[in-house]
Amino acid sequence: MEEIKKGGIFAIPELQNVRINIGEIIEEEEEWEPMGPHPMPRIATLRDWDFKLLNRYKPFYAPLCDMCCLCTYGKCDLTGNKKGACGIRMDAQQGRIVLLACLIGCSAHCAHGRHLLHDMINKFGRDVPIDFGPKVNIEAPLTRLVCGIKPKTIGDYDKVFSYIEEQIVQLADALHTGQEGSYMDFESKTLHMGMLDSLSKEAADILQIACYGMPTSFAGDGPDVPLVDVGIGTIDTNKPVIIVIGHNVPPAADIGVYLTENRLDDKVELGGICCTSIDTTRVYNKAKVVSALGRQLRVLRAGIADVVVIDEQCIRADVLELCQHTHSPMIATNDKAMHGLVDRTDDDPDKIVDDLVSGRVLGVVILEPDQVGEVAVRTALQVDKKRKGLSYILSDAEFTRYVNDCIQCGSCTLACPNGLRIGKANKSAAAGNVKPLADLFDICVGCGRCEQVCKKHIPIVDVVTKAAYPQLKAEKGKMRVGRGPVWDSEIRDVGAPLVLGTIPGIIAPIGCGNYPNGTKDAWLIVKEFAERNYIVTLTGCMAIDCALWKDEEGKTLYEAHHGGFDAGGVLNIGSCVSNAHIHDAAIKVASIFAGRPLRGNYEEIADYILSRVGACGVAWGAMSQKAASIATGFNRLGVPAVVGPHGVKYRRAFMGRPDIKEDWTLIDATDGSKVYVEPGPQDLLVACETVEEAMPMMAKLCIRPSDTDRGRSIKLTHYIDLSLKYLNTYPPDWHLFVRTASDLPIATRNELLKKLEDEQSWKIDWKTKKIVEGPIRAYNPSFNPTNLERLIRRKK
Amino acid sequence: MVMEIPFDVANIAGPEIGGTAPPEVIGSYITSAKRPLLVVGSELLRGDFFLDIAIEIGKKGIPIAATGHSMKGFVEKEYTENVTYYNLHELTNCLRDPNWKGLDGGGNYDFVIFYGILYYYASQMLSCIKNFATEPLMRAVSIDQYYHPNARMSFTNISPRMEEEYKDMLRKLVGSIKR
Ligand code: SF4
Ligand code: SF4
Ligand code: SF4
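Each protein sequence line maps, in turn, to chains A and B. Counting in the numbering used here, the first sequence runs from 7 upward without gaps. Counting in the numbering used here, the second sequence runs from 52 upward without gaps.
Be aware that a few hints might be false.
To be verified - Listing some non-contacts, in silico: residues in chain A with all C-beta distances to chain B over 12 Å:
(1) K81
(2) V134
(3) V649
Unchecked claim - Covered, in the sense of this in silico footprint (three residues per stretch, anywhere, with C-beta under 8 Å from a C-beta of chain A), are these stretches of chain B:
(4) 54-65
(5) 98-112
(6) 181-192
(7) 212-224
By construction, these hints were calculated from the structure, which means they are not laboratory data. Remember, predicted model here, so these are calculated numbers, not experimental data. Glycine residues also receive a C-beta, built at the ideal position from the N, C-alpha and C atoms.
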């Protein structure tokens, strides 16, 4: 007889693995791996792990606002860590605000994924298999790790999203007045949110890869994915141009299908801004990447687009106004960003096209992605004819008038996030030298704040664009198509060198374009580390921005370096959601190389990664709330991140204190002994003021306690060398990372031993060239570092 | 009363905002410090003059934390006597801890002078000091060409057109630091 269990589940004793849930049949589950200790963790499940991290990397707060105005007890002044009327202190309030930012970021990724799931199930059904080809067996490392689920078809992601959604609501509840009061617990919740964010991204990318056949590990994929055009100059404006903006690819994919089916792919340009553009190139090989987020305002103002199609995230709130100005009809395709337009889904395409072309409406909403292609393309074909001959770039006369109008009042500089001296540049342009203005183009983040305050009503963004126009037209770069997952076979090949340290690390430039000093820094970071044989894995805006620059031979970094997950590789992993594959690569090192169980085993894998996988994210232009949740997701998994100087406005950082010895106690899992170790990685989240400072910082954050002496000597070489190159000095803390003489690079060993003797008073035996006294600990090649007592194999 | 506008106009933190002061006043305020620290950033590298001012302050016995990549300039000038590279985020993380031993092992500082640092980065670190380095109180001033509401004292915003005047202010400031 069947036995009724809790929650309306029937178990039938004769059929051991069949359970029937009311409303849903849970099918026989393949026993792929025993379930680990923490499947689908709830808020408090991984709290112990979080507290281990938070005790070492104590939350650091730099409030952007000293008040709280979240409830009507307020406003409350919390300056000086005072308490508000509800009893919350400034530190907890900062934790609360960071949780709120991560809630927004994670919700964006989760809702994007859920939206995709709905659309994909509608279009393809629930049974689309998740098959990533012969080289990817672990198809969904984060899904396995966090949920304990091995997804076989896209329908399996229903459960995954339900889990994430429930957790998001629980975490949002903690933000309410009168809930959490401890900053440590707020941060534990934030780390939980970060983990959910990474899972959401993986889910979203897996769905689109599975349904659209984006590159994975079939022939021509992986390291061999093709190159695509990047840059404003690559768009042929003699053709009708459609510009897609956002992050959710189905509408753009439908445009690609319509163009192909109607043999218009050579007659119409399909270009994009931000992540939709990256994902469009993964499904339609004629698509072009016009720019990353930072140039959105300028691309729209330049009037390149005959039709603008927006989906979700990172779209300017004034996009419709901008489109109106350049007579470009707009199609909104996502219920999260409808901009006041009328929903015309299921309306007759002839009528919609007619309304858009005639200008009767500025734009429309079409929420069914498969209806977008036809409307967008037909509209573009007709609007292009009407817009022929119109130019939205300032004329020479207008330019001269504006630069002469400028009274150098400096209001724009005070409004500019980068403090750009526009007045000074205007003055020089008025005197005939436009270079200072043109030079601002790349440093400007395209926010438009300057124009809001200019009393002379100078369209500053247009003035700068005009000055830089010749260089803009010449902006033609190349980027590798987003390759998606790192292959299991690649992990097998590089797992050992990565953990032993002979490949010095994985550098992951990710995220937005709020750079302090322009896109060239993105290029410089990638170049420096790829040339030093790090593996450089890029996603999102940094993947685009670094493609705009070329070396002396005229090659972009994607052309100068291979695209494999190996020393010296420059990999475009894909859009923002694809950066889950960077988490996945680290997870696969633990699973494939070290044989650690994955299923429901987050804590152990994060512990492994923190101590052994030398990876460091860099979000040089981190801007959005998504960037906050992305970085926090990396942090919970044990991966540090460096942010650019604007990143201090996230308010919270996680930094360690090398001077507090107890903070750096690890356990040797072999015998349970406690070991004081060097501070590797020293920080989980830290900002650098300039790219020069970031270079050695990233190298330092790739150092791990598990490095072999050979690996450590390679990592130290780069750390010291980058510091000498960019700061003109030895790092003041390099000695902390020396355990034995063989940790020192052979070429400079004597010199470095001498420095240790002279500057740190270490004892050196010069006959044997050995260190007798000084290091934090001796090098032990069989050290098995962990933070988790439960992993001790046998107690001493 | 005319209120100065923060260099980044929207950077109004709350009820406690610092005042502006002329160089002599800031100089004598610095003189009142027991254990001051000069924190400099990469904007210092925009000209020899600015670097020299830092060195002059350093020569008065005030130790220098060189953040960003400003260290480069001190090495080139062959002045590294009491200069230590430190990441500004990490440094502020130490400054907020009364038990920190300082750059020389002599304990935390009671006074920090921010100079040559990217405006918004400096502002956030000054916010941390204002809000969390309160027991014992750490005083923080900025001597950049910006009004910094998160510092207890700073100059007014000084336009690039007034660069010579600003240089003059720095000279006066150095002159009025008595140690
Ligand atoms: S939530 Fe608390 S701190 Fe915020 S306004 Fe209300 S009482 Fe004040
Ligand atoms: S706000 Fe306008 S007038 Fe004033 S400096 Fe800037 S561009 Fe010139
Ligand atoms: S648009 Fe550019 S110049 Fe204007 S305020 Fe923004 S970053 Fe500064």
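These are the hints, each one checked on the structure:
no., hint, verdict
1, K81, "violated (9 Å)"
2, V134, "holds (45 Å)"
3, V649, "violated (9 Å)"
4, 54-65, "holds (count 7)"
5, 98-112, "violated (count 0)"
6, 181-192, "holds (count 4)"
7, 212-224, "violated (count 1)"
In summary, the numbered hints that this structure violates are 1, 3, 5, 7.
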